[in-house]
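Make the full structure from the sequences, and use the hints.
Numbering (numbering that gives the first Met the number 0), first residue to last: 0 to 462.
Watch out, some of these pointers could steer you wrong.
[What the hints assert, rightly or not] Pairwise CB distance ranges (calculated):
1) Met234 to His89: 35 to 43 Å
2) Asp366 to Phe57: 19 to 27 Å
3) Asp406 to Val210: 19 to 27 Å
4) Phe292 to Ile360: 41 to 49 Å
5) Glu250 to Gly314: 35 to 43 Å
6) Ile310 to Ala281: 35 to 43 Å
7) Thr85 to Ile390: 15 to 23 Å
[To be verified] The calculated DSSO-like cross-link candidates involving lysine-lysine, where the alpha carbons are at most 30 Å apart (straight line), are:
8) Lys367 to Lys258
9) Lys249 to Lys120
10) Lys258 to Lys277
11) Lys259 to Lys124
12) Lys258 to Lys303
13) Lys50 to Lys297
14) Lys298 to Lys124
15) Lys124 to Lys297
16) Lys258 to Lys50
17) Lys397 to Lys372
18) Lys277 to Lys120
19) Lys341 to Lys397
20) Lys298 to Lys277
21) Lys124 to Lys277
22) Lys277 to Lys303
23) Lys120 to Lys297
24) Lys367 to Lys120
25) Lys298 to Lys249
26) Lys397 to Lys297
27) Lys367 to Lys50
28) Lys258 to Lys120
29) Lys297 to Lys277
30) Lys124 to Lys258
31) Lys124 to Lys50
32) Lys298 to Lys50
33) Lys120 to Lys298
34) Lys341 to Lys120
35) Lys50 to Lys249
36) Lys259 to Lys367
These aren't lab readings, by the way, just hints derived from the structure by calculation. Beta carbons: idealized from backbone N, C-alpha and C, even for Gly.
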Amino acid sequence: MPDGDKNQTSVNVSKEDSKVEIEHYESVSHIANTYDGLIDENLVRAENEDKVTPYFMFLILVAAIAGFLFGYDTGIIGAALPMVGTALGHTLSATESEIITAGTTIGAIFGASILGAMADKLGRKWAMVISDIAFTAGAIIIAASFSVPQIIVGRLVLGVGVGGAAVIAPLYIAELAPTAVRGRCVGVNAFFIPFGQVVASAIGAGFQAGVPYHIGWRILFALGVVPSVAQLCLMHYLPESPRVLVLRGKEDEARACLKKIYGTATDDIIDLKLRIVKQYVAATTIMQRDLSFTERAKKYWTHKPYRRAIISVSGVQAFGQLTGFNTLLYYSGTIFGLLGLKNGSAAGLIPSCLNAAFVFIGMSIVDKVGRRKLMVIFIPGMMVAFTWTIISFHYLTKPTGGLLLEDYQYPTALVGSVLGSIVLFVIPYGLTYSHIIWYQSEFLPLEIRAAGSAISTTCCWLA
Numbered sequence: 000m001p002d003g004d005k006n007q008t009s010v011n012v013s014k015e016d017s018k019v020e021i022e023h024y025e026s027v028s029h030i031a032n033t034y035d036g037l038i039d040e041n042l043v044r045a046e047n048e049d050k051v052t053p054y055f056m057f058l059i060l061v062a063a064i065a066g067f068l069f070g071y072d073t074g075i076i077g078a079a080l081p082m083v084g085t086a087l088g089h090t091l092s093a094t095e096s097e098i099i100t101a102g103t104t105i106g107a108i109f110g111a112s113i114l115g116a117m118a119d120k121l122g123r124k125w126a127m128v129i130s131d132i133a134f135t136a137g138a139i140i141i142a143a144s145f146s147v148p149q150i151i152v153g154r155l156v157l158g159v160g161v162g163g164a165a166v167i168a169p170l171y172i173a174e175l176a177p178t179a180v181r182g183r184c185v186g187v188n189a190f191f192i193p194f195g196q197v198v199a200s201a202i203g204a205g206f207q208a209g210v211p212y213h214i215g216w217r218i219l220f221a222l223g224v225v226p227s228v229a230q231l232c233l234m235h236y237l238p239e240s241p242r243v244l245v246l247r248g249k250e251d252e253a254r255a256c257l258k259k260i261y262g263t264a265t266d267d268i269i270d271l272k273l274r275i276v277k278q279y280v281a282a283t284t285i286m287q288r289d290l291s292f293t294e295r296a297k298k299y300w301t302h303k304p305y306r307r308a309i310i311s312v313s314g315v316q317a318f319g320q321l322t323g324f325n326t327l328l329y330y331s332g333t334i335f336g337l338l339g340l341k342n343g344s345a346a347g348l349i350p351s352c353l354n355a356a357f358v359f360i361g362m363s364i365v366d367k368v369g370r371r372k373l374m375v376i377f378i379p380g381m382m383v384a385f386t387w388t389i390i391s392f393h394y395l396t397k398p399t400g401g402l403l404l405e406d407y408q409y410p411t412a413l414v415g416s417v418l419g420s421i422v423l424f425v426i427p428y429g430l431t432y433s434h435i436i437w438y439q440s441e442f443l444p445l446e447i448r449a450a451g452s453a454i455s456t457t458c459c460w461l462a
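Right under this line is the structure:
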């Protein structure tokens, strides 16, 4: 430890087990594993670190608006698209509807890869600001559209915001959050995604029931401007990530930020936490200084610990997308309408509300139960639900040649079976993939955290 730290903390190093015992003035003893001189941040905790301060709750909620935007703008299409009618010059074909729906996903691929890769250079705050600008611009373009190409452009721009928010918001929260409550803090952003989807479905159901279609769908898309502008204004009050501040040589600002977050910590603990950030930033700086962009990209896949971490989080992201939940959400209004339910958007509240409820439960227990254990316990339930869904749809559509037809009266029992299978699918999905995929930064070495998050989130949208 540097000389300047000796009067703050006494350190006894045992070469045998490579552990450092830190005896702190707060009468708290921490055992910090060291590897190549790096202290494990998970083992350096301030007293009452598990208590979230009002200031930090404000930071989380403002950052989590990105999750709400993600949820609202991906969820609103299911309610708004059936209301478009001939407002774009003609009745939309099935292919046009699919392209419009997919526009956000395509834009998200670019948003996740570009903003994620530039997160260190731009900073977390500016990356979120750019996402907010894309959210706002995309919503305005869509709401003002009078042709299919125009609305597709709007969906692409909106997708850039969705992809950027998906990478940056959980990364920003994870870098600010106290270790003891990091899972729950990142979970707030994860919860805001289905919460945004619930709000979108609820507003969509209300508009379908009482607002003229020719204007209703425009208002639904335009409402997305409200949270994006709100976050854009509130970003002024959020600090930059301590990691980025140290990367820019602003150590005093980084220390002040840590002091606000860890309100009960002494200066000794704050200095130790700052030291941890500095050590990991130094590792990142060395990597960026000594290796070109191409060499760094190559090392992500040739260095075994990097490769294993990136493949693991990318796999979880991809499998979460391949479950088909987002497809269910996008087309819920159409599917439930074809099943004979009068207000498809109102029925679309079923998967949205269930997902939000069980994400809340999942994020509340994830720090106690563990990420892996939740997956092991509940993913088999999704497999059972998929089997049930396949069987239900097979018998439901058998009289109509395997197709859902608008004017056909399907048996109530089989419709109920389909709805039951959807419920059984959404419950374990909400407890697992819906929030666990956003803890990806925890599994990535800090020096590749931004790039690794960008790669894994891009895999999510590619899937």
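Structure-based check of each hint:
1. Met234 to His89: 35 to 43 Å: holds (41 Å)
2. Asp366 to Phe57: 19 to 27 Å: Given a distance of about 21 Å, which is inside 19 to 27 Å, the answer is holds.
3. Asp406 to Val210: 19 to 27 Å: Holds, since Asp406 and Val210 (Cβ atoms, about 25 Å apart) stay within the stated range.
4. Phe292 to Ile360: 41 to 49 Å: holds (42 Å)
5. Glu250 to Gly314: 35 to 43 Å: Holds - the Cβ-Cβ distance for Glu250 and Gly314, about 37 Å, lies within 35 to 43 Å.
6. Ile310 to Ala281: 35 to 43 Å: violated (26 Å)
7. Thr85 to Ile390: 15 to 23 Å: violated (38 Å)
8. Lys367 to Lys258: Status holds; Cα separation ~26 Å.
9. Lys249 to Lys120: holds (14 Å)
10. Lys258 to Lys277: holds (16 Å)
11. Lys259 to Lys124: holds (17 Å)
12. Lys258 to Lys303: This hinted pair is violated, its Cα atoms lying about 36 Å apart.
13. Lys50 to Lys297: violated (41 Å)
14. Lys298 to Lys124: holds (27 Å)
15. Lys124 to Lys297: The given pair, whose Cα atoms are some 28 Å apart, holds under the 30 Å limit.
16. Lys258 to Lys50: holds (14 Å)
17. Lys397 to Lys372: Violated, at about 39 Å.
18. Lys277 to Lys120: holds (17 Å)
19. Lys341 to Lys397: It holds: about 22 Å lies between the C-alpha atoms, which stays within 30 Å.
20. Lys298 to Lys277: holds (22 Å)
21. Lys124 to Lys277: Holds, at roughly 20 Å.
22. Lys277 to Lys303: holds (24 Å)
23. Lys120 to Lys297: holds (20 Å)
24. Lys367 to Lys120: violated (35 Å)
25. Lys298 to Lys249: holds (29 Å)
26. Lys397 to Lys297: At roughly 51 Å apart (the allowed maximum being 30 Å), Lys297 and Lys397 break the hint.
27. Lys367 to Lys50: Since the Cα atoms of Lys367 and Lys50 sit roughly 16 Å apart, the hinted pair holds (cutoff 30 Å).
28. Lys258 to Lys120: Distance of about 24 Å is within 30 Å: holds.
29. Lys297 to Lys277: Answer holds: Lys297 to Lys277 is near 25 Å, not above 30 Å.
30. Lys124 to Lys258: Status holds; Cα separation ~19 Å.
31. Lys124 to Lys50: Holds, at about 25 Å.
32. Lys298 to Lys50: Violated, at about 39 Å.
33. Lys120 to Lys298: holds (19 Å)
34. Lys341 to Lys120: Violated - the C-alpha atoms of Lys120 and Lys341 are around 50 Å apart, more than 30 Å.
35. Lys50 to Lys249: Holds, at roughly 27 Å.
36. Lys259 to Lys367: Holds, because 26 Å separates the two Cα atoms, which is no more than 30 Å.
Going through the hint list in order, the structure does not satisfy hints 6, 7, 12, 13, 17, 24, 26, 32, 34.
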